[in-house]
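Q: Now for the letters of each chain:
Number of protein chains: 2
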Amino acid sequence: MKSREIHLKTRPDGLPKTSDFELVETDVPLPENGQVLVKNLYMSVDPAMRPPLTNGQTKLNEAMPGGAIGKIVESKNDAFAVGDHVLSRNGFRELYLSDGSNLERIDLMGEPLTTHLHVLGMTGLTAWGGLLIIGKAKEGETVFVSAAAGAVGSTVGQIAKIKGCRVIGSCGSDDKKDILINELGFDYAFNYKDANIRKELQKGAPEGIDVYFDNVGGDHLDAALTVMNPRGRIPVCGMISAYNNRGARSTGITTLSNIIYSQVTLRGFVATEFLPMKDRFLMEARQWLSQGKLKYRETILNGIEKAPEALIGLFTGLNTGKMLVCISKK
Amino acid sequence: MKSREIHLKTRPDGLPKTSDFELVETDVPLPENGQVLVKNLYMSVDPAMRPPLTNGQTKLNEAMPGGAIGKIVESKNDAFAVGDHVLSRNGFRELYLSDGSNLERIDLMGEPLTTHLHVLGMTGLTAWGGLLIIGKAKEGETVFVSAAAGAVGSTVGQIAKIKGCRVIGSCGSDDKKDILINELGFDYAFNYKDANIRKELQKGAPEGIDVYFDNVGGDHLDAALTVMNPRGRIPVCGMISAYNNRGARSTGITTLSNIIYSQVTLRGFVATEFLPMKDRFLMEARQWLSQGKLKYRETILNGIEKAPEALIGLFTGLNTGKMLVCISKK
Numbered sequence: 001m002k003s004r005e006i007h008l009k010t011r012p013d014g015l016p017k018t019s020d021f022e023l024v025e026t027d028v029p030l031p032e033n034g035q036v037l038v039k040n041l042y043m044s045v046d047p048a049m050r051p052p053l054t055n056g057q058t059k060l061n062e063a064m065p066g067g068a069i070g071k072i073v074e075s076k077n078d079a080f081a082v083g084d085h086v087l088s089r090n091g092f093r094e095l096y097l098s099d100g101s102n103l104e105r106i107d108l109m110g111e112p113l114t115t116h117l118h119v120l121g122m123t124g125l126t127a128w129g130g131l132l133i134i135g136k137a138k139e140g141e142t143v144f145v146s147a148a149a150g151a152v153g154s155t156v157g158q159i160a161k162i163k164g165c166r167v168i169g170s171c172g173s174d175d176k177k178d179i180l181i182n183e184l185g186f187d188y189a190f191n192y193k194d195a196n197i198r199k200e201l202q203k204g205a206p207e208g209i210d211v212y213f214d215n216v217g218g219d220h221l222d223a224a225l226t227v228m229n230p231r232g233r234i235p236v237c238g239m240i241s242a243y244n245n246r247g248a249r250s251t252g253i254t255t256l257s258n259i260i261y262s263q264v265t266l267r268g269f270v271a272t273e274f275l276p277m278k279d280r281f282l283m284e285a286r287q288w289l290s291q292g293k294l295k296y297r298e299t300i301l302n303g304i305e306k307a308p309e310a311l312i313g314l315f316t317g318l319n320t321g322k323m324l325v326c327i328s329k330k
Numbered sequence: 001m002k003s004r005e006i007h008l009k010t011r012p013d014g015l016p017k018t019s020d021f022e023l024v025e026t027d028v029p030l031p032e033n034g035q036v037l038v039k040n041l042y043m044s045v046d047p048a049m050r051p052p053l054t055n056g057q058t059k060l061n062e063a064m065p066g067g068a069i070g071k072i073v074e075s076k077n078d079a080f081a082v083g084d085h086v087l088s089r090n091g092f093r094e095l096y097l098s099d100g101s102n103l104e105r106i107d108l109m110g111e112p113l114t115t116h117l118h119v120l121g122m123t124g125l126t127a128w129g130g131l132l133i134i135g136k137a138k139e140g141e142t143v144f145v146s147a148a149a150g151a152v153g154s155t156v157g158q159i160a161k162i163k164g165c166r167v168i169g170s171c172g173s174d175d176k177k178d179i180l181i182n183e184l185g186f187d188y189a190f191n192y193k194d195a196n197i198r199k200e201l202q203k204g205a206p207e208g209i210d211v212y213f214d215n216v217g218g219d220h221l222d223a224a225l226t227v228m229n230p231r232g233r234i235p236v237c238g239m240i241s242a243y244n245n246r247g248a249r250s251t252g253i254t255t256l257s258n259i260i261y262s263q264v265t266l267r268g269f270v271a272t273e274f275l276p277m278k279d280r281f282l283m284e285a286r287q288w289l290s291q292g293k294l295k296y297r298e299t300i301l302n303g304i305e306k307a308p309e310a311l312i313g314l315f316t317g318l319n320t321g322k323m324l325v326c327i328s329k330k
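In the order they appear, the protein sequences are chains A and B.
Number 21 in our numbering belongs to position 21 of the first sequence; there are no gaps in the numbering.
Number 24 in our numbering belongs to position 24 of the second sequence; there are no gaps in the numbering.
Honestly, the hints are just simulated from the structure, not real lab data.
Backbone N, C-alpha and C define an ideal beta-carbon position, used for all residues, glycine too.
Treat each hint with caution, since some may be false.
[Said to hold, decoys possible] List time: in silico DSS-like cross-link candidates among lysine-lysine, alpha-carbon distance up to 30 Å:
1) B:Lys163 to B:Lys138
2) B:Lys59 to A:Lys203
3) B:Lys138 to A:Lys136
4) B:Lys136 to A:Lys138
5) B:Lys199 to A:Lys59
6) B:Lys39 to B:Lys330
7) B:Lys136 to A:Lys136
8) A:Lys136 to B:Lys199
9) A:Lys59 to B:Lys330
[To be verified] Using C-beta positions, here's what the derived DEER-type ranges look like:
10) B:Ala195 to A:Ser290: 54 to 62 Å
11) B:Glu207 to A:Gly164: 38 to 46 Å
12) B:Glu139 to A:Pro52: 27 to 35 Å
13) B:Glu207 to A:Glu22: 50 to 58 Å
14) B:Arg89 to A:Arg11: 55 to 63 Å
15) A:Asp174 to B:Arg280: 52 to 60 Å
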């Protein structure tokens, strides 16, 4: 059967261009014994995909990896039935064969399929684990999250509110700022593009910041370090401001000496370290979702050919909430 | 009785000058009931004293605070006898009165008095706690320590060797490099003044660094972040390279995004957080000292009037090992 997939053709320097990618048509054979044929429905597009494009981790001239939800369309494997929904790392392609070992079945409990790519998926787990396990956010504390209108950021802010924190968020437009305040219940928000970040933090967090959930690095981190409270924690999830620079180098952070007397912790993390806690996360997140306490937005582009555009759009502010590509509606 | 003390007269901008300080003669009255009169013998001079000179924590026109060992010369307090040795934060002065509440008696077990200002004192506790409690250094791991010929750095390196680690050190002269290798048993050392730090680290630690004990910040930290192993730890003890800049701002650190995928932790700390463990530290350190496993050097200037010069000398490479001022020999 014919499938289409996205290959990386040239390693981008700076903001990727659509011409760095290529749409390639391939033939996918029918499944043999033990195999299933999976049709991808939705795929996730994440800032963390950017550094591997340049540092060599993403291979040239083959289908790119990435989180996706697919549907079993043919099965010669007893563990999977036609119609089952599965999560995989095999995004950026329409169809693929699998022996099942790299698939995780999703049991829907009434929630929309796509939520398993964000609030109930790796995005939600990233936010939950980063804020609560690494950041150890506690009731009454002040949490600052950057890229707060993005998928992870908006989830972090809402979980922090649920846990009784005061929440400050930064974002890149006035429309997004409105959403943070009026829709997601943030206590304070600012558009970093027309603000002095350090002054905004002093205004929004006059008693200092206990947890800074860092999604962007650079100027945000430089400013946040000056207002961290004693024993503050900075879970570092991403540094989107640096990802288009060679070596993912950020603008210079000059304020790190603040962590000494304040005994502040910075800790880089990846969501996979929370996988052993995924059941606990899912139970909490499903409850919040059903109670209307955890809201989400999606920005969905249609067609596998739009995947490069979606990835680039993460760095130009195209998305509010989770950036997804719909590969097939059913 | 006449005493002399050092006051801060003007807040330094950049490297302090001796003219920023003033030697002031004062009258110290005789002790009243409950009080003791203490004569300082040795005082400690530490890089951490520098930022408070500019940020306002050190008061102008009064005797500066700092670790010191003194001797009780008159006592109207039953808890202290004439001749007792006491630790205090009342350095930078020859004589002072105390009600005893800010004094800690030292019980010498044959070791030289001055060791209680470094290997058996706050310097040793800083090195021990930073390396083992915050840095969680384990046998077989690779430890990098900057300012390795300094008081804290040389203690860190030796404790790491005792614990079975491979140890890399940086210092500011070839003489100091010799001491690190030939006297203190470091596995690799380099003089950062004529070296590319990142290349030296790749050469000295081809399998990467598990613990970077940071004393200097700036270029050292920027380089170390690129060679940290997964789950590496960076206890941040000080940033001497930044301390003479306004706001203790370092040169820009641009490599922090490395901590994300490698799940590295940076943690600022102060020695006082290890005080509850001081007995355990002292037991270990005394044993290592008596076994000849823990060596130390001192750079001692004589006379309270030399205290500003000693403090400035920390930033110009004057000291090898602990910088002390002898206020009175007995």
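Q: Each of the hints needs a verdict: does it hold here or not?
A: Hint check:
1. Taking the CA atoms of Lys163 (chain B) and Lys138 (chain B), the gap is near 7 Å; set against the 30 Å cutoff, the hint holds.
2. Between Lys59 (chain B) and Lys203 (chain A) the alpha-carbon distance is near 29 Å, which keeps this suggested pair within the 30 Å criterion.
3. As the CA atoms of Lys138 (chain B) and Lys136 (chain A) are separated by approximately 25 Å, the hinted pair is consistent with the 30 Å bound.
4. Taking the CA atoms of Lys136 (chain B) and Lys138 (chain A), the gap is about 25 Å. The hint holds against a cut of 30 Å.
5. For the hint linking Lys199 (chain B) to Lys59 (chain A), the alpha-carbon distance of about 27 Å falls within 30 Å, and the restraint holds.
6. For the proposed pair Lys39 (chain B) and Lys330 (chain B), the alpha carbon gap of about 9 Å is at most 30 Å, so the pair holds.
7. With a CA separation close to 20 Å, the supplied pair Lys136 (chain B) and Lys136 (chain A) stays within the 30 Å bound.
8. Under the criterion of a C-alpha separation no larger than 30 Å, the hint pairing Lys136 (chain A) with Lys199 (chain B) is inconsistent with the structure, at around 37 Å.
9. Between Lys59 (chain A) and Lys330 (chain B), the direct Cα distance comes to roughly 71 Å. Violation of the 30 Å bound is thereby established for this hinted pair.
10. At roughly 60 Å, the beta carbons of Ala195 (chain B) and Ser290 (chain A) sit within the given window of 54 to 62 Å.
11. At about 44 Å, the CB distance of Glu207 (chain B) to Gly164 (chain A) agrees with the hint of 38 to 46 Å.
12. Between Glu139 (chain B) and Pro52 (chain A) the CB atoms are about 34 Å apart, so this pair conforms to the stated range of 27 to 35 Å.
13. The hinted range of 50 to 58 Å is not satisfied by Glu207 (chain B) and Glu22 (chain A), whose Cβ atoms lie roughly 38 Å apart.
14. Distance hint for Arg89 (chain B) and Arg11 (chain A): a CB-CB separation of about 56 Å, consistent with the stated range 55 to 63 Å.
15. For Asp174 (chain A) and Arg280 (chain B), the Cβ-Cβ distance of about 56 Å falls inside the hinted range of 52 to 60 Å, so the restraint holds.
Comparing the model with each numbered hint stated earlier shows that hints 8, 9 and 13 do not hold.
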